[in-house]
Amino acid sequence: MSPERTEAISAKLDDGTIVKVQVAATGGRQDVAGGAIPNLKDVGKAIEGIVEAVATPIHKAMPSKATVKFGIDVAVEPGQLTAMLVKGGGNATLEVTLEWEPKV
Amino acid sequence: MAQNLEALLQECTVKLTLANGEVGTGFFVAPGYVLTCEHVVRNAGDEPISLRWQQDPEFAQAQIEQLLPAYDLALLRFTPPREAHPCVMLDADIQRRDELDLFGYPERDYPDGRPAGFVCEGEFQEADLSLILLKQGQMQPGMSGAALLNGRTGKVCAMAKLTRDQYTDLGGGGIKASVILEQLPALIEWQQTFHQRDRRWQNLLSQVNTLPTCPNNLPRSGAVAFVGRESELADLHRQLHQADRLAITAIQGMGGIGKTELALQYAQHHRDQNTYLGGICWLQAKDQNVGTEIVNVATDYLQLTVPTDIDLPRQAQFCWSQWPGAGEVLVVIDDVGGPDDIAAYTAIQPYLPPQSSRFWVLLTTRLQLGASIRSLQIEVLS
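Just so you know, the sequences run in chain order A and B. Numbering of the first sequence is given in our numbering, commencing with residue 1 and proceeding in unit increments. Numbering of the second sequence is given in our numbering, commencing with residue 1001 and proceeding in unit increments.
Quick caveat, the hints were computed from the structure, so don't treat them as lab data.
SDA-like mimics (lysine to any residue), calculated; alpha carbons at most 20 Å apart, straight line:
| # | chain 1 | residue 1 | chain 2 | residue 2 |
| --- | --- | --- | --- | --- |
| 1 | A | K20 | A | R5 |
| 2 | A | K65 | A | T97 |
| 3 | B | K1135 | A | G27 |
| 4 | B | K1135 | A | T26 |
| 5 | A | K41 | B | G1021 |
| 6 | A | K20 | B | P1111 |
| 7 | A | K12 | B | N1043 |
| 8 | B | K1135 | B | K1176 |
| 9 | B | K1135 | A | G28 |
| 10 | A | K12 | B | A1044 |
| 11 | A | K20 | B | Y1167 |
| 12 | B | K1176 | B | Q1095 |
| 13 | B | K1135 | A | R29 |
| 14 | A | K41 | B | N1020 |
| 15 | A | K20 | A | D42 |
| 16 | B | K1135 | A | Q30 |
| 17 | A | K12 | B | G1021 |
| 18 | B | K1135 | B | G1151 |
| 19 | A | K41 | A | L13 |
| 20 | A | K12 | B | R1108 |
| 21 | A | K45 | A | A83 |
| 22 | A | K20 | B | D1109 |
| 23 | B | K1176 | A | Q30 |
| 24 | A | K69 | A | E95 |
| 25 | A | K69 | A | A46 |
| 26 | A | K12 | B | T1017 |
| 27 | B | K1176 | A | R29 |
| 28 | A | K20 | A | Q80 |
| 29 | B | K1176 | B | P1069 |
| 30 | A | K20 | B | G1021 |
Part of the chain B face toward chain A, derived, beta carbon under 7 Å:
| # | residue |
| --- | --- |
| 31 | V1040 |
| 32 | G1142 |
| 33 | D1165 |
What you are looking at is a predicted structure, and each value in this text was computed from that prediction instead of being measured. Virtual Cβ for every residue (Gly too), placed ideally from N, Cα, C.
Build the full structure now, drawing on both the sequences and the hints.
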């Protein structure tokens, strides 16, 4: 599911550089203080978390090769950025391909 | 000079910027004091908060004076850099379908701030906090802490806190003025002192489209010129508006000394000043039953339909309870008399308005009506 509205907001990197990030305009209730510039690092942390959550069970299946496809949209919450797991292409949000090579 | 309350509201509004770049809105509640939401200044740390006023981005630096996180209230203090700034007039009155306006500083798109208008949809509770819900207006991030002006009363009845969707006109929510005044009771006196001295807000209130301005039934004065009582007029106003709101004030003195004329001059002066926007009710205690007079005033001047199947004291109380508008009302009862002090007071007592903040009661009498009534003695002019 791709959000219909997006907006470009400022986010900062650890070295203070400001980048524009296109985020999903999620709307909804929130307190209306403004001006907080979120750190893009929060998105990285979220991706790390998603990878870990997906990779651990895959390891258990011990495939020779595994491919995981997913898409990330960035959404903004008061004061911070967050990753929104969305369709990575095709119809699935998470597309997992596992291959086992015959043992010789 | 502001020409209407919306313009004056804007002159009472400041943009707040924290050292870390976070922004919000705030408004003057007393000289040197700005009110805003606690969540606006939550990350301020020990750094001063920069105030932008009108086109002056470096108007002043403010410090946090008091934080009430449970109510999302923050009081900031600053040293006013130049001539006296105006202050909003706070009032708890808010009803469903009231139209509310704010002026705020959103974080983007409107660098010099923008107005926003809403309709009150009702109230809701969250934890112990009583909030109002707003619809049909766009509340954007950065508007937190903006004063919400009630178009019906001409006073500030809430402070903007949240949006229901920042991208559309779905509305938002605010903290009620009743909560603000309850949690920061010092504001009540500061507000009273300020608005007695600075008439800017009061003078513009008369433009508010409520009732025909200040309904009153004042008799004509017989005086060609009224001189020598200026200090008594001022004393009277001060005494009537002392902190203890439940008391009744009496002008007491001998017959023929000018009690009625003083009361009348007081009432006329404050009619012209629009002090009592709810109206001025002049009752003659000598010739008629006060209760009948109250019912007549309510019928003739306020277009109330008073039920006739209840006794007169209850009819009078009905009139007080249904008194239209939201403004304060001056009730003058002229020439309270009787065979003795106690009988005189007992005769009018069932008809007195309820002990509410709206009604101010002034009597004129030759008698000493007892300890529950404060009296202002007047003497023969020398």
